[in-house]
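Protein chains in written order, with the numbering used here: chain Y, 1 to 245; chain C, 1 to 229.
Any given hint might turn out to be false.
The calculated EDC-like cross-link candidates involving lysine to aspartate or glutamate, where the alpha carbons are at most 16 Å apart (straight line), are [to be verified]:
1) Y:K107 - C:E132
2) Y:K107 - Y:D117
3) Y:K74 - C:E132
4) Y:K126 - Y:E177
5) Y:K72 - C:E132
6) Y:K74 - Y:E59
7) Y:K126 - Y:E173
8) Y:K126 - Y:D68
9) Y:K107 - Y:D125
What the hints contain is simulated information worked out from the structure, not anything from laboratory work.
Note that the coordinates shown come from a computational prediction; the quantities given were computed from them, not determined experimentally.
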Amino acid sequence: MPHLSVRDVCASYGGEPVLRGVTLEADRGEVVSLIGPSGSGKSTLLRVLIGLTRATAGEVQVAGEAIDYGHKAKLRALRRRMAIVFQQYNLFQNMTVLQNVTLAPVKVHGVARAEADARAFALLDKVGLAEKASAYPAELSGGQQQRVAIARALACDPEILLLDEVTSALDPERVGEVLDTVRTLAGGGITLLLVSHEMGFVREISTRVVMMDQGRVVEEGSPDGIFLSPQQDRTRSFVGSIIRH
Amino acid sequence: MPPDLSGQLAALLTWSNAEFLVGALARTLAMTVIGCSLGFAAGFAIAVLRRTRAAWLAPARWAALLFVETFRRVPFLVTLILALFATQQIAPELSLLGIATVAATLAATAYLSEIVGAGLGAVPDLQREGAEALNLSAWQTFWLVVLPQSWRVILPPAAAFMVMFVKDTSLASHLGVVELTFSGKILINRGFSPVLGFGAVLILYFLISWPLGRLAARLETILAPSQRS
Numbered sequence: 001m002p003h004l005s006v007r008d009v010c011a012s013y014g015g016e017p018v019l020r021g022v023t024l025e026a027d028r029g030e031v032v033s034l035i036g037p038s039g040s041g042k043s044t045l046l047r048v049l050i051g052l053t054r055a056t057a058g059e060v061q062v063a064g065e066a067i068d069y070g071h072k073a074k075l076r077a078l079r080r081r082m083a084i085v086f087q088q089y090n091l092f093q094n095m096t097v098l099q100n101v102t103l104a105p106v107k108v109h110g111v112a113r114a115e116a117d118a119r120a121f122a123l124l125d126k127v128g129l130a131e132k133a134s135a136y137p138a139e140l141s142g143g144q145q146q147r148v149a150i151a152r153a154l155a156c157d158p159e160i161l162l163l164d165e166v167t168s169a170l171d172p173e174r175v176g177e178v179l180d181t182v183r184t185l186a187g188g189g190i191t192l193l194l195v196s197h198e199m200g201f202v203r204e205i206s207t208r209v210v211m212m213d214q215g216r217v218v219e220e221g222s223p224d225g226i227f228l229s230p231q232q233d234r235t236r237s238f239v240g241s242i243i244r245h
Numbered sequence: 001m002p003p004d005l006s007g008q009l010a011a012l013l014t015w016s017n018a019e020f021l022v023g024a025l026a027r028t029l030a031m032t033v034i035g036c037s038l039g040f041a042a043g044f045a046i047a048v049l050r051r052t053r054a055a056w057l058a059p060a061r062w063a064a065l066l067f068v069e070t071f072r073r074v075p076f077l078v079t080l081i082l083a084l085f086a087t088q089q090i091a092p093e094l095s096l097l098g099i100a101t102v103a104a105t106l107a108a109t110a111y112l113s114e115i116v117g118a119g120l121g122a123v124p125d126l127q128r129e130g131a132e133a134l135n136l137s138a139w140q141t142f143w144l145v146v147l148p149q150s151w152r153v154i155l156p157p158a159a160a161f162m163v164m165f166v167k168d169t170s171l172a173s174h175l176g177v178v179e180l181t182f183s184g185k186i187l188i189n190r191g192f193s194p195v196l197g198f199g200a201v202l203i204l205y206f207l208i209s210w211p212l213g214r215l216a217a218r219l220e221t222i223l224a225p226s227q228r229s
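Using the sequences and the hints given, assemble the complete structure.
Structure below.
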């Protein structure tokens, strides 16, 4: 049974259809990358999965269980199992790094402060920022903020982590440190669904690559399959244009 | 200073005149502080109400919008007169100072709700979505994430409004409230030169406005560091 299953999901934004029936699956521990041109619906799909945008049709299943996004308690239960990191690092500006990471465990899940702090330090250590625990987001570089955002997303032990173009808003020299952090997660049992334009990284880290265009899945396959021998013209032209640049 | 002026100055500096002016000053301050405090609380509630989405609150949101737009567009003097006639029907025993304070509260509520609303609106939606994705409740998101980031946007203009509002309360003299401006007129009626009477009033207005203005400026510098992004 796939860990995450998306079936015929449709969604609109401002009356315009953005997702026109997306179907894809991810097994537990897989790293599935969504690629495709801007506006192809990749980020919207992640927003639908975490329940920030409502699907107009289709079904999402986690571990075989259909998610009812209209049901508050069930949506909350889903968000215990699934976390997201956004393109724009949106750490809470009024809180220190440590407070950002411990907020949900303490305030939502009732974890004791000492325990949450210890866990947060372990996660910050993992992303290489334990010494920044008492800094405010504004005092960190974009790459550091994004690594904290990843630590914050991991603080509630999600089974599925959604990464929405986590390096797109960064200075080029900050991209590597964030990709390194993502690399440490892959193969660690967590299921990763990521949207990225870093094609080299996608090819290296993914177990499966999904090409999207105009709200649909054009093609999916192994990284080598998609990058070396794409079956669809659209994939070929997209991959070709990206690699040429 | 001409001899008659210096003589008048000596006559002005008596205990009873000081008492009279301090009383007037207290009334000016009461209208400002009570009006702005109640107005801030009510304006805050209105700003929060207007940001809700629930369908069943729609009539309340419309009423809030109507209230805010009305009292922001009406001159404060008209609000004062309106309050005078309205309270005569509802609470005829209310003092003139009480009526003026009601009017001050109405005006301050309308203006401060806009200031609070702008502050709440200045927090990017991404902050709310981040909180929502982490399972924070709407209340936790507001209290722990949005509000702490709004203060730096709300407080400086709110303090500036209060400084400005000190001056607006002079219009209450038209109702017969013996606040600072009216006390100046009374001093002239008692035979003091306008230069002395209103000179004293000017100094007292300055003594309120200047520290308040400094406080507003200080708030801005204290709150500014968190503006880094």
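### Message
Against the 16 Å threshold, does the CA-CA distance of K74 of chain Y and E59 of chain Y hold or violate the hint?
### Response
Roughly 14 Å between the alpha carbons, so the hint for K74 of chain Y and E59 of chain Y holds.
### Message
Does E132 of chain C sit within 16 Å of K74 of chain Y, going by the straight-line distance between their CA atoms?
### Response
holds, 14 Å
### Message
Does E132 of chain C sit within 16 Å of K107 of chain Y, going by the straight-line distance between their CA atoms?
### Response
At roughly 13 Å apart (the allowed maximum being 16 Å), E132 of chain C and K107 of chain Y satisfy the hint.
### Message
For K107 of chain Y and D125 of chain Y, compute the direct alpha-carbon distance and say whether it is at most 16 Å.
### Response
violated, 22 Å
### Query
Given the hint that K126 of chain Y pairs with E177 of chain Y, does the C-alpha gap stay at or below 16 Å?
Holds - the C-alpha atoms of E177 of chain Y and K126 of chain Y are around 12 Å apart, at most 16 Å.
### Message
Hinted pair, alpha-carbon criterion (16 Å max): K72 of chain Y, E132 of chain C. Please report holds or violated.
### Response
With Cα atoms ~12 Å apart, K72 of chain Y and E132 of chain C stay inside 16 Å; holds.
### Task
Starting from K107 of chain Y, check that the Cα of D117 of chain Y is at most 16 Å away, please.
It holds: about 13 Å lies between the C-alpha atoms, which stays within 16 Å.
### Hint consistency between K126 of chain Y and D68 of chain Y [alpha-carbon to alpha-carbon, up to 16 Å]
violated, 34 Å
### Message
Need the status of pair K126 of chain Y, E173 of chain Y: alpha-carbon distance at most 16 Å?
### Response
The hint is violated at about 20 Å.
Of the numbered hints given earlier, the model fails hints 7, 8, 9; all others are met.
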